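Knowing the structure of chain C, use the given hints to seat chain U on it.
2 protein chains.
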Amino acid sequence: MTDTANCRPVDAAEVGHWDLEADVVVAGFGVAGAAAAVEAARSGADVLVLERTGGWGGAASQAGGFVYLGGGTALQRALGFDDTPANMEKFLLAALGPGADRAKIADYAENSVAHYDWLVGCGVRFREAFWDQPGWEPPHDEGLMYSGGENAAPFNAIATPAPRGHVPQMANKQTGAKGGGYMLMKPLTDTAAALGVRAEYDIRIRRLVVDDGRVVGVLATRFGAPVAVRARRGVVLATGSFAYNTTMVENFAPLLVGRPGAAIEEHDGTAIRMAQALGADLSHMDATEVAFFGDPQLLARGILVNGRGQRFVPEDTYPGRIGQMTLLHNENQAYLIIDEQALEAASATETATPFFRVPPTWAAESIAELEADMGLPELALQTTVQTYNHHAKTGTDPLFGKKPEWLEPIGTPVAGFDLRGRTAGFTLGGLRTDLDSRVLHVNGEPIAGLFAAGRCTAGLCAGGYVSGASLGDGSFFGRRAGAAAAHADTDEGQ
Amino acid sequence: MTDTANCRPVDAAEVGHWDLEADVVVAGFGVAGAAAAVEAARSGADVLVLERTGGWGGAASQAGGFVYLGGGTALQRALGFDDTPANMEKFLLAALGPGADRAKIADYAENSVAHYDWLVGCGVRFREAFWDQPGWEPPHDEGLMYSGGENAAPFNAIATPAPRGHVPQMANKQTGAKGGGYMLMKPLTDTAAALGVRAEYDIRIRRLVVDDGRVVGVLATRFGAPVAVRARRGVVLATGSFAYNTTMVENFAPLLVGRPGAAIEEHDGTAIRMAQALGADLSHMDATEVAFFGDPQLLARGILVNGRGQRFVPEDTYPGRIGQMTLLHNENQAYLIIDEQALEAASATETATPFFRVPPTWAAESIAELEADMGLPELALQTTVQTYNHHAKTGTDPLFGKKPEWLEPIGTPVAGFDLRGRTAGFTLGGLRTDLDSRVLHVNGEPIAGLFAAGRCTAGLCAGGYVSGASLGDGSFFGRRAGAAAAHADTDEGQ
Numbered sequence: 030m031t032d033t034a035n036c037r038p039v040d041a042a043e044v045g046h047w048d049l050e051a052d053v054v055v056a057g058f059g060v061a062g063a064a065a066a067v068e069a070a071r072s073g074a075d076v077l078v079l080e081r082t083g084g085w086g087g088a089a090s091q092a093g094g095f096v097y098l099g100g101g102t103a104l105q106r107a108l109g110f111d112d113t114p115a116n117m118e119k120f121l122l123a124a125l126g127p128g129a130d131r132a133k134i135a136d137y138a139e140n141s142v143a144h145y146d147w148l149v150g151c152g153v154r155f156r157e158a159f160w161d162q163p164g165w166e167p168p169h170d171e172g173l174m175y176s177g178g179e180n181a182a183p184f185n186a187i188a189t190p191a192p193r194g195h196v197p198q199m200a201n202k203q204t205g206a207k208g209g210g211y212m213l214m215k216p217l218t219d220t221a222a223a224l225g226v227r228a229e230y231d232i233r234i235r236r237l238v239v240d241d242g243r244v245v246g247v248l249a250t251r252f253g254a255p256v257a258v259r260a261r262r263g264v265v266l267a268t269g270s271f272a273y274n275t276t277m278v279e280n281f282a283p284l285l286v287g288r289p290g291a292a293i294e295e296h297d298g299t300a301i302r303m304a305q306a307l308g309a310d311l312s313h314m315d316a317t318e319v320a321f322f323g324d325p326q327l328l329a330r331g332i333l334v335n336g337r338g339q340r341f342v343p344e345d346t347y348p349g350r351i352g353q354m355t356l357l358h359n360e361n362q363a364y365l366i367i368d369e370q371a372l373e374a375a376s377a378t379e380t381a382t383p384f385f386r387v388p389p390t391w392a393a394e395s396i397a398e399l400e401a402d403m404g405l406p407e408l409a410l411q412t413t414v415q416t417y418n419h420h421a422k423t424g425t426d427p428l429f430g431k432k433p434e435w436l437e438p439i440g441t442p443v444a445g446f447d448l449r450g451r452t453a454g455f456t457l458g459g460l461r462t463d464l465d466s467r468v469l470h471v472n473g474e475p476i477a478g479l480f481a482a483g484r485c486t487a488g489l490c491a492g493g494y495v496s497g498a499s500l501g502d503g504s505f506f507g508r509r510a511g512a513a514a515a516h517a518d519t520d521e522g523q
Numbered sequence: 030m031t032d033t034a035n036c037r038p039v040d041a042a043e044v045g046h047w048d049l050e051a052d053v054v055v056a057g058f059g060v061a062g063a064a065a066a067v068e069a070a071r072s073g074a075d076v077l078v079l080e081r082t083g084g085w086g087g088a089a090s091q092a093g094g095f096v097y098l099g100g101g102t103a104l105q106r107a108l109g110f111d112d113t114p115a116n117m118e119k120f121l122l123a124a125l126g127p128g129a130d131r132a133k134i135a136d137y138a139e140n141s142v143a144h145y146d147w148l149v150g151c152g153v154r155f156r157e158a159f160w161d162q163p164g165w166e167p168p169h170d171e172g173l174m175y176s177g178g179e180n181a182a183p184f185n186a187i188a189t190p191a192p193r194g195h196v197p198q199m200a201n202k203q204t205g206a207k208g209g210g211y212m213l214m215k216p217l218t219d220t221a222a223a224l225g226v227r228a229e230y231d232i233r234i235r236r237l238v239v240d241d242g243r244v245v246g247v248l249a250t251r252f253g254a255p256v257a258v259r260a261r262r263g264v265v266l267a268t269g270s271f272a273y274n275t276t277m278v279e280n281f282a283p284l285l286v287g288r289p290g291a292a293i294e295e296h297d298g299t300a301i302r303m304a305q306a307l308g309a310d311l312s313h314m315d316a317t318e319v320a321f322f323g324d325p326q327l328l329a330r331g332i333l334v335n336g337r338g339q340r341f342v343p344e345d346t347y348p349g350r351i352g353q354m355t356l357l358h359n360e361n362q363a364y365l366i367i368d369e370q371a372l373e374a375a376s377a378t379e380t381a382t383p384f385f386r387v388p389p390t391w392a393a394e395s396i397a398e399l400e401a402d403m404g405l406p407e408l409a410l411q412t413t414v415q416t417y418n419h420h421a422k423t424g425t426d427p428l429f430g431k432k433p434e435w436l437e438p439i440g441t442p443v444a445g446f447d448l449r450g451r452t453a454g455f456t457l458g459g460l461r462t463d464l465d466s467r468v469l470h471v472n473g474e475p476i477a478g479l480f481a482a483g484r485c486t487a488g489l490c491a492g493g494y495v496s497g498a499s500l501g502d503g504s505f506f507g508r509r510a511g512a513a514a515a516h517a518d519t520d521e522g523q
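Residue numbers (this note's numbering), protein chains in the order written: chain C, 30 to 523; chain U, 30 to 523.
Just to be clear, a hint being listed does not mean it is correct.
Coverage of chain C stretches by chain U, computed from C-beta distances (three or more under 8 angstroms per stretch; other residues unrestricted) [stated by the list, open to error]:
1. 120-128
2. 416-429
Each pair of labels, with its calculated beta carbon distance range [said to hold, decoys possible]:
3. U:His516 / C:Asp40: 27 to 33 angstroms
4. C:Gly253 / U:Gly290: 50 to 56 angstroms
5. C:Leu224 / U:Asp231: 30 to 36 angstroms
6. U:Asp447 / C:Ala200: 56 to 62 angstroms
7. U:Glu373 / C:Gly290: 48 to 54 angstroms
8. U:Asp518 / C:Asp241: 29 to 35 angstroms
Pulled a few chain C residues facing chain U out of the computed Cβ check, cut under 10 angstroms [unchecked claim]:
9. Ala254
10. Ala309
11. Gly338
12. Pro406
To be clear, the hints were calculated from the coordinates, so they are not data collected in a lab. Fair warning: this is a prediction, and the values are worked out from it, not measured in the lab. Think of the CB as a built atom: it goes at the ideal place given N, C-alpha and C, for glycine as much as any other residue.
So that you can see chain C by itself, here it is in the shape it has in the complex:
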């Protein structure tokens, strides 16, 4: 665990000498930090990025690269999908709650098309190809995919389904050379560099420096040696989630203890602690993204049951939703039941996700036999399959709304996959910020000179999640943070 002990703010009067200085100081060179740096520089500010590791990228560069965008982006339109900001907003309100920040969602939906154009303007490329299969990510370099269950129940009855997972074109996904996350971060950081943004690496921020209630810099360390950094206009915190801070995870999101995923070890909550020490407010600290390590092609063709043999989710939905339902509501218990025919069909398709494939745990000639082999109570699984098959025959799933294309009665022979505990995730809660990414004090007012974006903040998501929401709100509100910091009125104190 990282030492977060000394996170109290320091009075500027105690800082004898500034080692580094800029108008806007950005902590963290992941997607939020890069977007903030670009926008601050374009707003005329002299920008310095402090990055804890030896290079730019953060968790973003290791991610699949989904950016959740919609409302009618150029890519959506080119591929024949209708979408509007209102439709996107309706979906996000349903999928990201309860408790999701309505103002942020409305803002994000309204300005999503422009944000797509901004990314393209920074050199991010999206190939005009749609991947129409269930899965975590497109297998090749397709630019668009459903990434949040928009086309699955219950959301397909709430808003018109539109794919919004925008994936930067990969350099060479087949050889594994560079993924979508890298292809997002490379042009963003190149853009920042071209704008004169300076970056200093191996620097860990530790404490905020405050002058009469206004944040005017940070104290950091570089290989243990102190570095005082002055921010003439503002500090932008963009250092990621707290998924790797065990104490914080225990205190706020205990179901995630022992299973951090899609985060990097530097995600230790440092920035959250530093801002809290100044009275910053928090939001949705229990919220978590949850990945589910199962092949969506298999899931859609079978049924998922919990430890009592009960179904609990439409199996053809966004796998992150399956992950949340499994970990948060079904004691991390999930079993896949699929018949031989469907298993073969899933295996034969080139749309499978091979790295999530495991051999069946059980194989049986009847559901009763499988139920017994799995150690489930008598009739528990049999009655679940009976009800499912009764409706699947007519192409309906009144319990969960799985789409007709995936509905087929479960026959025999039949296999069972033990998928218990196959979840991992990262935290979604963090600092409470406004639409200009100003960090809010518990009194509701912005803390002068302090801005934040990315997963050290509570962004669009509360209870739910969609893939691309973090790179999405990180870059979107990162830009806001950069612009707001560059324009910050330095006369405005506490």
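Showing chain U alone in chain C's frame:
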């Protein structure tokens, strides 16, 4: 909503004049505040309680009065129940997690017998009578009852069941004169008064006063006029939960929006905000107690199903657990299915909880008919009942572990009760404190001069709850707060 805008700490140098002064200043005269006041006074401190309303009592005096105690209290022993601190700890760890504070639970279990004796020593009376029925509270003035599902699955297989819901003897429950909560608060506040504790009413605390990092007082208002109160040794925050602060509930526990329960309107999170403004840490802000408004006598005799006709809880468990499972994990959807014979048996017993009784929503001659009347998908309810009955015949419930005494196949005619949305609750998260009730800064160190207890803190509970945990940890850690504040070393600054 209460104005929490001006919650920033104030420097002592800015306070020109102290209107009131004491060694230990306690904010809030509910159970935590009263216990803190008594213990601080017994430790030799001059104590002043600031209470926002016109009288002592808080939410505690309106509660049923359960204090969760065990490990072999005099009352447990007198009534023939074996219990040990280790057994109590084992149960609490299973029932109050995940993420529950292990150190607090161990401490609480270890010192629970002594805490019972302390309450009795303060004049709280517990009648030596055990109420053995499922329910929310004893119907008369019985002193002991199961209040957390100790004798139900899954906990009865984890720890030896022992009743730990200790109820102060009611003055006259039959006439509704005075309930258990009042009979807890009356002797505690009488004890405080006898010890010379002063109390000032109609005073709302607003801001903490700080001198070189140490809390030395509070700024308050009385009917709008400012009141500065000096605390020579320490301030104890004991102003209750944030169940009535809509913004906080939306940001931290959104499933509770619109359904505060067993809280009072003064529970607006004021103390939490004031301490946060000083860098205090939080814990388990999403955790909620959830009451379920259904008669446990009916529930135990029927089955509860969610909106898809699936069972989701052992129906004979603590109703607060049913509430949590309903609201937090089953979209607040619950239907009770019970046959005529069981309904009559439940109604005939004097153990029923009449005020939770509603007439059946549906009555039918068969499960199939009831299923259709309820609008459930075909076979959804029929298969659930089929599985339940198959095992109930043999006196087992392998899915949820309902006890044999409540297991009877569901026959016909059969009734359905629509119990959707019949939940309400209060928040369990709050300030992070140590075993001496010192409020912890985000850097992990105690904030000098600041103590807290009761529901403005995260106490024993995280994900789970047991009735009596709040009056229990409120009084237990309230005492710790009072003692620690009285002994606080005033030389110890930041």
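Evaluation of the provided hints:
1. 120-128: That given contact holds, which follows from 3 residues of the region 120-128 of chain C lying within Cβ reach (below 8 angstroms) of chain U.
2. 416-429: holds (count 6)
3. U:His516 / C:Asp40: 27 to 33 angstroms: Holds, at about 31 angstroms.
4. C:Gly253 / U:Gly290: 50 to 56 angstroms: Since glycine 253 of chain C and glycine 290 of chain U have Cβ atoms about 52 angstroms apart, the given range 50 to 56 angstroms holds.
5. C:Leu224 / U:Asp231: 30 to 36 angstroms: Violated, at about 59 angstroms.
6. U:Asp447 / C:Ala200: 56 to 62 angstroms: Given about 57 angstroms between the Cβ atoms, the range holds.
7. U:Glu373 / C:Gly290: 48 to 54 angstroms: About 53 angstroms separates the Cβ atoms of glutamate 373 of chain U and glycine 290 of chain C, which means 48 to 54 angstroms holds.
8. U:Asp518 / C:Asp241: 29 to 35 angstroms: holds, 31 angstroms
9. Ala254: violated, 21 angstroms
10. Ala309: Interface hint status for alanine 309 of chain C: holds (8 angstroms vs cutoff 10 angstroms).
11. Gly338: holds, 8 angstroms
12. Pro406: holds, 4 angstroms
Violated hints, in rising order: 5 and 9; the structure is consistent with all others.
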